[in-house]
Amino acid sequence: MCKKIHVFLFLSLLTIVSCNDSSEVFNIGEEFTNNDSKITYVDTITVQASTILIDSFTTSNYNKVFFGYNNDPILGKTYAESYVAFEHDGSLPDIDTRSSFDSLVIFMKQNGDYLGDSTIFKEFSVYRVTEDIEYNDDASAFYNIDSFAREDVPLATKQFIPRPLRNDSIIVKLPNELGNQWYDWIETNTDSLIDTKDEFLDYFKGVVFVPNTKNENWSTSFNGFNSSSTNLQIELRLYYSKHDEEENTYFSFTPRENYIFSHFSIDRSGTVSSVLDTEGLKIPSTLTDNKVFMQAGSGVGIKIEIPQVEYMYDFGSNITVLDAKLIMRPSKGTYSLSSLLPSKLSVLWTDKMNRNLGDFIDVDGETVITGTKMFDDLDDEPYYSFSILNFVLTKMATESTSYNTLMFYLPDESNATSFDKLIIDDQSASNNSFELQIYYYTY
3 MCKKIHVFLF
13 LSLLTIVSCN
23 DSSEVFNIGE
33 EFTNNDSKIT
43 YVDTITVQAS
53 TILIDSFTTS
63 NYNKVFFGYN
73 NDPILGKTYA
83 ESYVAFEHDG
93 SLPDIDTRSS
103 FDSLVIFMKQ
113 NGDYLGDSTI
123 FKEFSVYRVT
133 EDIEYNDDAS
143 AFYNIDSFAR
153 EDVPLATKQF
163 IPRPLRNDSI
173 IVKLPNELGN
183 QWYDWIETNT
193 DSLIDTKDEF
203 LDYFKGVVFV
213 PNTKNENWST
223 SFNGFNSSST
233 NLQIELRLYY
243 SKHDEEENTY
253 FSFTPRENYI
263 FSHFSIDRSG
273 TVSSVLDTEG
283 LKIPSTLTDN
293 KVFMQAGSGV
303 GIKIEIPQVE
313 YMYDFGSNIT
323 VLDAKLIMRP
333 SKGTYSLSSL
343 LPSKLSVLWT
353 DKMNRNLGDF
363 IDVDGETVIT
373 GTKMFDDLDD
383 EPYYSFSILN
393 FVLTKMATES
403 TSYNTLMFYL
413 PDESNATSFD
423 KLIIDDQSAS
433 NNSFELQIYY
443 YTY
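Residue numbers (the numbering used here): 3 to 445.
These are computed hints drawn from the structure, not numbers from a lab.
All of these numbers come straight from a predicted model, not from anything done at the bench.
Heads up, some of the hints might be wrong.
Keeping only pairs whose Cα atoms sit at most 16 Å apart, straight-line, the calculated EDC-like set for lysine to aspartate or glutamate is [unchecked claim]:
1) Lys207 x Glu136
2) Lys175 x Glu125
3) Lys334 x Asp381
4) Lys346 x Glu415
5) Lys346 x Asp414
6) Lys354 x Glu307
7) Lys334 x Asp74
8) Lys160 x Glu125
9) Lys160 x Asp170
10) Lys207 x Glu89
11) Lys244 x Asp98
12) Lys346 x Asp361
Input sequences plus hints: build the corresponding full structure.
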């Protein structure tokens with residue numbers, strides 16, 4: 003649609019973009035004396051959308067154990083496993099010979115992050131890692147594609163009913179044989195494989211939490227646990243009883259800093275998104291059932307191109323764009339309480355080869371543009387809104403000489419610690435899934 007708005011509305015429209023006081027942008031002056039001056043609103047410009055498989059991303063900067071399994075009919079099956087390397091503080095406790103071993107457990111406290119049916123038992127297994135958990139060459143973090151060898155048989159398997167709102171703790175009991183060995187080493191105070199931090203890490207390299215995907219109740223669920231030095235919520239505990247105390251005491255092995263991370267694997271076979279298995283390749287929406295996708299754990303993002311904005315001067319040589327907003331509306335029926343939409347989206351510049359050129363910045367040269375989930379006042383349907391005035395002005399200035407455009411993706415932490423997803427119909431649908439709203443002034 004295209005509406006002509008009388009000039010006296012100009013000041014109220016200018017308020018929308020008054021954060022930028024550059025006269026070169028708005029070119030405001032005596033031109034208002036021209037009887038042909040007008041402000042026009044247009045929202046019928048074509049937005050071309052495609053899906054991109056972005057490069058690998060870090061998952062180790064959040065001190066969060068995240069694991070689970072999600073089966074989506076469009077995006078396929080997503081598996082999340084979580085690795086943790088434990089250590090001790092460098093000094094082992096003095097244990098009286100009259101004390102006795104009780105148990106070796108992993109203690110975890112739920113942090114409220116949960117997706118799925120919280121009335122049904124979930125199941126996961128804990129495996130001992132047999133390979134040194136170390137960064138790859140030239141890396142300073144762990145990534146979604148990193149994984150390490152494990153034993154064939156789990157140390158333990160745990161069933162539990164999630165209680166995300168109660169912050170319940172979960173206790174995973176490890177084999178007594180393993181716990182007794184550690185206890186004997188500590189009690190006898192003899193040279194052992196766990197005397198120092200380095201010796202312990204070499205002996206017990208860590209564990210990996212693996213969702214039991216044979217349990218169908220787990221098919222759309224995840225569970226997360228937080229860990230930080232100030233509010234420890236996961237630790238390896240060696241419990242023992244002292245001869246003169248009624249209650250057991252324990253010695254803690256704590257997570258090694260930045261050595262908590264998740265590994266993701268995706269199976270898209272048999273779905274419309276199965277073409278998304280080539281990194282960096284732009285997949286037009288026409289090849290994915292006229293839809294584009296964004297998915298946590300997989301590095302999938304949405305790229306847009308708006309060729310028409312490069313020809314805005316066709317509306318007249320004397321034109322100033324006042325405001326430009328891009329609205330994205332999720333495809334109805336692709337989200338629910340058991341399939342959460344992301345609360346926020348990030349935006350970056352990308353080139354023709356789909357390489358990351360940095361955050362998308364507003365016209366003030368400072369503000370990083372993001373999009374927050376909002377709800378329509380009329381029908382309460384969710385949408386995302388982005389100010390892309392800087393994009394429109396840049397494309398108009400380059401006059402088709404630049405192939406740079408915008409990529410929308412999940413913020414880093416959401417990408418690494420959730421199953422959030424966003425599915426959007428392209429403009430062939432009639433629901434205004436992508437809508438570019440532009441106000442411009444001609445004189």
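Inset, instruction - Kindly indicate which numbered hints from before are broken by the structure, ordering the numbers from low to high. - result: none
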